[in-house]
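Take the sequences, apply the hints, and build the full model.
Chains as they are written, first to last, in my numbering: chain U, 42 to 221; chain Z, 42 to 221; chain A, 42 to 221.
Worth flagging that the hints you see were computed from the coordinates, not collected in a lab. Heads up, some of the hints might be wrong.
List of simulated lysine-lysine pairs, PhoX-like, C-alpha gap at most 20 Å [what the hints assert, rightly or not]:
1) Z/Lys-98 with Z/Lys-78
2) A/Lys-79 with A/Lys-100
3) Z/Lys-79 with Z/Lys-100
4) A/Lys-202 with U/Lys-188
5) Z/Lys-188 with U/Lys-205
6) U/Lys-153 with U/Lys-188
7) A/Lys-202 with U/Lys-202
8) Z/Lys-202 with Z/Lys-188
9) A/Lys-153 with A/Lys-100
10) A/Lys-205 with U/Lys-188
11) U/Lys-98 with U/Lys-78
12) A/Lys-100 with A/Lys-78
13) U/Lys-202 with Z/Lys-202
14) U/Lys-100 with U/Lys-79
15) A/Lys-98 with A/Lys-81
16) U/Lys-122 with U/Lys-100
17) A/Lys-202 with Z/Lys-202
18) U/Lys-205 with U/Lys-188
19) Z/Lys-100 with Z/Lys-153
20) Z/Lys-188 with U/Lys-202
21) A/Lys-188 with Z/Lys-205
22) Z/Lys-153 with Z/Lys-122
23) A/Lys-152 with A/Lys-188
24) A/Lys-188 with Z/Lys-202
25) Z/Lys-122 with Z/Lys-100
Given next are the chains, with one letter for each unit.
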Amino acid sequence: MGKLKILLLHLINKLADFDFLIRPNQSRFKIREFYLKKYKFTFHSASIRLGINVYFKQKGNISFGRRCCIGSFSQFWNYDKITIGDDFLSAGNLIINTGSHELHDLSPYSKKVTIGNRVWCGTNVTILCGVTIGDDVVVAAGSVVTKNVENGTVVGGVPAKFIKRIENRTKVIKQFEWLD
Amino acid sequence: MGKLKILLLHLINKLADFDFLIRPNQSRFKIREFYLKKYKFTFHSASIRLGINVYFKQKGNISFGRRCCIGSFSQFWNYDKITIGDDFLSAGNLIINTGSHELHDLSPYSKKVTIGNRVWCGTNVTILCGVTIGDDVVVAAGSVVTKNVENGTVVGGVPAKFIKRIENRTKVIKQFEWLD
Amino acid sequence: MGKLKILLLHLINKLADFDFLIRPNQSRFKIREFYLKKYKFTFHSASIRLGINVYFKQKGNISFGRRCCIGSFSQFWNYDKITIGDDFLSAGNLIINTGSHELHDLSPYSKKVTIGNRVWCGTNVTILCGVTIGDDVVVAAGSVVTKNVENGTVVGGVPAKFIKRIENRTKVIKQFEWLD
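So this is what it looks like as structure tokens:
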């Protein structure tokens, strides 16, 4: 897309930029649905909950699972592929950044980010390039995830470290079922 | 409020969205005063200093003490009650989030946040649900406050921990008196 | 500048607010060039790469070296002088805050921030008042820099601490040469 086209797209999106839920056949959300489709992301469901002021660096390179809730003010720096599983829940200010630079000469590179099912990120979480997060994971607020995260764990801190295991995680997240 | 009403309110606010000080009888700040009143917050003073791009999740559930200064780009996720004391001072990018989720099934809940008098938050501070911060507290930049904070202390880090006691805190914050 | 003038300037900037590169004789970027000039910053080169939604607290007090890339959503709280060297590279959400407050009475003060050459800041880095960062430094994502940083080091964390030395840093950052 040319720069003017992107700018127009952003302006159109701004007109509908409040907390919203995309569901089929709801005309009031058509503007943002149009916006997301223009960005050519992959959706494994007709529904997604997206907060306000969510930023996507570029087109493509993002795959959303079913029943995903993305908090307001989140940023997707999708230089490389970002894959998000089912029942993903993020509070506001999530940053997923697939870009990085070499230490010795600052030349840029990118690596994909993969997130499993039933992952919850608290507010202001940053996930860096190359990271794979397993299923049933909780990332504490304010964390910076720099390494892979095992299934069924809570991680937190800068950089994020193992805090504890999650016991008795209910596999089906009841409150998001209506999003299907 | 309907979604369209909220959107219109935000657009009206954007028109006056620069650093401002609400004081009685100053017509130039009437637009943002109108905006704040629409949100039905409680003010214990006619004056508040509010930066640009401050975000409120919903109406009500916030009580501001006297002489409060809220930095730009701050966010109030007021699912539950947020109570702020007198002489509160926050740099930009404050996040107060009263919402959270259960670890075992991600069902949502909320808890109130209470902040005492003469509290200063550095830039980019996050305060999580259920937290009570005492009087004369300083929260270091970039901190995530997950537990209660005692009177007269400096805390910092992710999660925020005790750093030191504040000695000889002057009870009256001179430079904010003109805000009365 | 009066408040209305600042508001108009911000609205004009919004019209051109997408990732851009200022280069001489490129008419399409004239709007943001005009905006930056109005802010009376010092440029040691005709070129700068600036992301979207970059915020400057006030006019003046910023000096950019050659081949600087400032990520989107960055904030410059330039109460005091901010000096940035050559080949500076920042991901999004950089915060440089030259303002602070005394612990005992919260009276405000400011101190300058100085950044050397070939410094890279990851996403969501905060640099506080009074800090001097040397040459060939990398600041890890999510860090809060509260103290001076030595030449040729990687620092990270909240607050930022020494992580390791950078070996064999290539002095000339090839990929930015075209920005000259």
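Hints, one by one, checked against the model:
1. Z/Lys-98 with Z/Lys-78: holds, 15 Å
2. A/Lys-79 with A/Lys-100: holds, 8 Å
3. Z/Lys-79 with Z/Lys-100: holds, 8 Å
4. A/Lys-202 with U/Lys-188: holds, 19 Å
5. Z/Lys-188 with U/Lys-205: holds, 18 Å
6. U/Lys-153 with U/Lys-188: Holds: U/Lys-153 and U/Lys-188 sit about 12 Å apart, inside 20 Å.
7. A/Lys-202 with U/Lys-202: With Cα atoms ~17 Å apart, A/Lys-202 and U/Lys-202 stay inside 20 Å; holds.
8. Z/Lys-202 with Z/Lys-188: This hinted pair holds, its Cα atoms lying about 9 Å apart.
9. A/Lys-153 with A/Lys-100: holds, 15 Å
10. A/Lys-205 with U/Lys-188: holds, 18 Å
11. U/Lys-98 with U/Lys-78: holds, 15 Å
12. A/Lys-100 with A/Lys-78: holds, 10 Å
13. U/Lys-202 with Z/Lys-202: It holds: about 17 Å lies between the C-alpha atoms, which stays within 20 Å.
14. U/Lys-100 with U/Lys-79: holds, 8 Å
15. A/Lys-98 with A/Lys-81: Given pair A/Lys-98, A/Lys-81 holds - Cα atoms ~12 Å apart, limit 20 Å.
16. U/Lys-122 with U/Lys-100: holds, 11 Å
17. A/Lys-202 with Z/Lys-202: Holds. A/Lys-202 to Z/Lys-202 sits at ~17 Å (cutoff 20 Å).
18. U/Lys-205 with U/Lys-188: holds, 16 Å
19. Z/Lys-100 with Z/Lys-153: OK: Z/Lys-100 and Z/Lys-153 at ~15 Å, within 20 Å.
20. Z/Lys-188 with U/Lys-202: Within the cut-off at roughly 19 Å; holds.
21. A/Lys-188 with Z/Lys-205: The given pair, whose Cα atoms are some 18 Å apart, holds under the 20 Å limit.
22. Z/Lys-153 with Z/Lys-122: Given that 20 Å is the threshold and the Cα spacing comes to 5 Å, the pair holds.
23. A/Lys-152 with A/Lys-188: holds, 12 Å
24. A/Lys-188 with Z/Lys-202: holds, 19 Å
25. Z/Lys-122 with Z/Lys-100: holds, 11 Å
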